[in-house]
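Peer 1: We have chain X; now place chain V onto it with these hints.
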Amino acid sequence: MNTLIIELRKEKRTGVIPLLLLAGILGAAYAFVLFFVRKDTLLNLPLAPMDVLLTQVYGMIMILNMFGIVVAACMVYNMEFKGTAIKKMYMLPISVPKMYLCKFLILTVLLFIAIVLQNMALLKIGISDLPKGTFKMDTLLKFTAYSFITSMPALSFMVLVSSRFENMWMPLGIGVAGFLSGMALANSSVRLLLLHPFVVMLKPAVAMSAQPDNGIVTISMAETLLFSGMGLWMAKHLRYE
Amino acid sequence: MDYIITTEQLTKKYKNFISVNKVSMHIRKGSIYGFLGPNGAGKSTTMKMLLGLTSPTGGSFMVDGGHFPNDRISILKKVGSFIESPSFYTNLTGRENLDIIRRILGLPVNAVDDALELAGLTEFGNRLAKKYSLGMKQRLGLAGALLGRPPILILDEPTNGLDPSGIYEIRNLIKSLPSLYDCTVLISSHMLSEIELMADDIGILNHGRLLFEGSLDELRQSAVQEGFAADNKPGGKDTGLEDMFLSMIDKDNKAIKAPQSDKVSQRDKVSQSDKVSLYRKQRARL
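Line order of the protein sequences matches chains X and V.
Letter 52 of the first sequence, counting from 1, is numbered 52 in our numbering, and no numbers are missing.
Every position in the second sequence, counted from 1, becomes a number in our numbering once 241 is added.
To be clear, the hints were calculated from the coordinates, so they are not data collected in a lab.
From a predicted model like this one, the values you see are computed outputs, not experimental measurements.
Quick reminder that beta carbons are idealized off the backbone N, C-alpha and C, glycines included.
Heads up, none of these hints are tricks.
Quick partial rundown of chain V residues pointing at chain X, CB under 8 Å, derived from the structure:
{"no.": "1", "residue": "Leu292"}
{"no.": "2", "residue": "Leu294"}
{"no.": "3", "residue": "Ile324"}
{"no.": "4", "residue": "Phe329"}
{"no.": "5", "residue": "Thr331"}
{"no.": "6", "residue": "Ile342"}
{"no.": "7", "residue": "Leu346"}
{"no.": "8", "residue": "Ala370"}
Excised from the complex, chain X in its bound form:
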């Protein structure tokens, strides 16, 4: 708990917390604006109203979240490398893997809040704008969980990458490359491409149904565990030098 409080105090003036909250607010605002402007067009698509609500809006929301994850992960470690603060941490009686875990937890909670904000907007739209009797709460909750779980591999991968590079442009470049390659490969049916964490995150956005794919959920969880495990191992075994 003490490490978590310390990590939160370190975030002061870095912009990490407002950044992910902003991604949540912008995502929610986008959903409102989209339904305000294109409600009739969207509801005339040959899809179930809940599928329209969840899959047609999610593309832009997911891009905002991905951008938030990449930049926030870069920032959360850049403050350690800037001014070589991490060197001081290595010389203090603090567990470096715990520090890594707390940074990961902070970003996870912030991403979760952002996704909740976005889905609260979808809830409001679903209740007021979808044809009567077509809004299903359980579908929305399932999709919220699905979008959160599929976003976690990208988050754990970015935290791992940013913890290994002193120069912030390196993880940022890897994040942008991941985003672009993910966009290019997201529609592919080759299952092997699901090893790419950004492809996994994009999957709900390219699907035409709001029903979660259990295979993708399993892969997402496995990748999240793998990347966070790798990050913790490296934090423990690879020294500052």
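Peer 2: Same frame as chain X, but now just chain V:
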């Protein structure tokens, strides 16, 4: 003898370069140990190993009875350190930076004010660390090391970047620490004049090897035996001691260079020993 830090044949090798070569040093509890050597002698690397920042490739060391990595947390709880350059969070103020360290060490809130006062930073505590001058950053690094008055202090060239009055102030502070709260200090410098004003014991390192270890008096005796007369004028520098130190480095450099001399081109022969001679001439002119 009650030693708080000991190293046994401590070695650090980077591919083809040996940074620290079988160093066995012994630091007495409650003493100020001056770690002396030219730039690149291996002082910082030795200190980094003592703090677990880098792992040794050979030998071992013990800090207050503990070993790395098993006793890392318990060792670091007792050690205040400052290595190479000050490390801090640029997005936080000086006070906030120290508060992070205070929380890690589990110290009371007033420890931050105490450290700020010791380092002479009280009036700048609420300024962002990135806006500090070089000297103020150096003081912040020192304040971080002194926070909670740890029983062991490892300071790597702590007076770098300070103005003369700052150097005098910090030197007096370090000198007073053992009597103030029974603290042991390991301090490095490449200037004997700096170390001899503070240290009880001294270790001279060159090319990673420990050339001398003993008290300042033992070094003085060696200087007299080697024919470097001590010149202890009141308020003046001990030039015999400095000559002894320079000669020691000079001799060691020549001994290392001799087997390699065939391989070295004429252009590269402006060696460390030439630099030492030049330094001596410059000093003689002053």
